[in-house]
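All chains should be modelled from the sequences, with the hints used to inform the complete structure.
Note that my numbering has the sequence shown beginning at 677, numbered continuously upward.
Treat the hints with care, as some may be off.
Within a straight-line C-alpha distance of at most 25 angstroms, the following computed BS3-like cross-link-like pairs (lysine-lysine) qualify [unchecked claim]:
#1 Lys840 <-> Lys932
#2 Lys1066 <-> Lys995
#3 Lys1120 <-> Lys1040
#4 Lys932 <-> Lys943
#5 Lys897 <-> Lys1120
To be clear, the hints were calculated from the coordinates, so they are not data collected in a lab.
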Amino acid sequence: MLDVHLIRPTRYDLDGYPLQWWRSLVPSNSLACLTGIVEDAATRNVLGEGVGITVHARDEIHADIRLEDIIAAARRGDRTVFVGLVGVQTNQYPRALDIARILRREGIAVCIGGFHVSGCLAMLPGLTPELQEAIDLGVSLFAGEAEDGRIDDVLRDAYAGTLKPLYNYLKHTPNLAGAPVPVTAEADIERSVGRFSSFDLGRGCPFECSFCTIINVQGRKSRFRTPDDLEQIIRNNAARNVTRFFLTDDNFARNKNWEPLIDRVLKLREEGLRISFTIQVDTLAHHIPNFIEKVCRAGANQIFIGLENINSDSLEYSKKRQNRIEEYQEMFMAWRQSGALITCGYIIGFPNDTYDSIMADIEKIKETMPIDILYVNFLTPLPGCEDHRKAIDRGDWIDGDLNKFTLSHRVTHHNRMTDEDWEAAYRDAYASFYSWEHMERILKRRHVLGAPAPLTTMHRLICHRETQRLEDVSAMEGGIFRIRRRRQRRHGMAIEPAILFYPKIGWKSVHAVAGILATYVRLRLMRKRIRANPARGAYRDASLQIAGTAGADFGILQTRLTEHAERRIKRANA
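Put into structure tokens, the structure is as follows:
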């Protein structure tokens, strides 16, 4: 018997405790993909007849991974134990290495894969110190994607006790059509907010953004799953009463097969499956005929758009030339007709940015762009992107603590801003966008347009505001009720005495819960006041006025959204 433990490690917070939640928001697609791949290998008996493979998959963002249980199973000697640390990003690498260090002391086979390993090997000459440290510990590294039977060699070597130091598949990207479908463990679904699962339908990106790691890890050539693959994914999940999904494709709008895929979803919805999903698209998706109308009819109710910046020189600097600022308003109002909740990623710290210019841009976004959620990031040279390699070549200072590479912490210096100004711009940009005044504006916009899911909007506002304000964490790695475990602390940091640890953590927990409840109550009262105002339909602000001058007929837009809301009510009553 080979026991395979697939673990997606979390990262440490700045106090050295693993970032964990009672319920997490975003399920790990990397973990789901590897689970499906290994289960497929087990079905194919890759270790030969008479040798079974059991698969245990958990996401540490919400699970207490009991390493002592894994060690005890290995000590019994009636099975071989192998641990795969899956989807490890740069900020998770220190935690992954700490887990591996404990397991390797017991002689347990460990392999680390994910974007950090792949990105470093794809863009830098030789092994970086942290990768060499893993190999020195006897840890194996996996670079690239695991489809096309590549995981088979790893499993055979793990069972035989002959793991290689490195499995490098970066030069050849696998075909996705017919590949094993992602499988999210039931325990991880139960610990997600709203019973979400995840899957991908395509990988690779034709664009060349300098801050992006995807083009160097997953390649520039796009590859896709088939409609049959998609149907199997949805039916497998629906059998477990899971119909909400995160589609993790970096840009679903660039999937050349998007329409057959969406047509298959529409067919499944006709059977009564109430599918809904979140998708990521670029700023040009509204130019694709019928794209917005069809994906939203198929259940896409939350849209993530890589806005990145509203200054053309910043976009040109990062080679994100596909973003056309002059079309932003047209693009937003096209999505507004669907009623979808719009989240935009926004980067601060481009060469021409200053504290004042960043805050002025945030004000412009608030006043003129009907965005519901803004996800602010530091411009970060992630290992695996062009910016990182160039910074290394120039000898620029880069913070040596990989744990800080979260996009929500500064890891370099800026050429025009002091470190303090750049960090203040990040905090103040969040505080400005999620101010009470602007959150009320957001709720008024959704009500005046007749957009559905006002409670979803309110919950997202709370999440993005409070995770950053209370925990210094972006909502993309957030959750409900933070958990800290005293004895799980970063390698090299002392275990705090119980008499000091528990009162401190207790106070933090009470403060966080009180803050979230206060925000919830205030927003709930705000929403109630807006709904009770008989003149709420007459509300206008600059973003809605601009919509009229940009060629969108506001009356038609409002009628369409009202009809959309009425259809939702009828379906709910039925």
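*Could you work out which earlier hints the structure fails to respect and list their numbers in ascending sequence?*
When the structure is compared with the hints, numbers 1 and 5 turn out to be violated.
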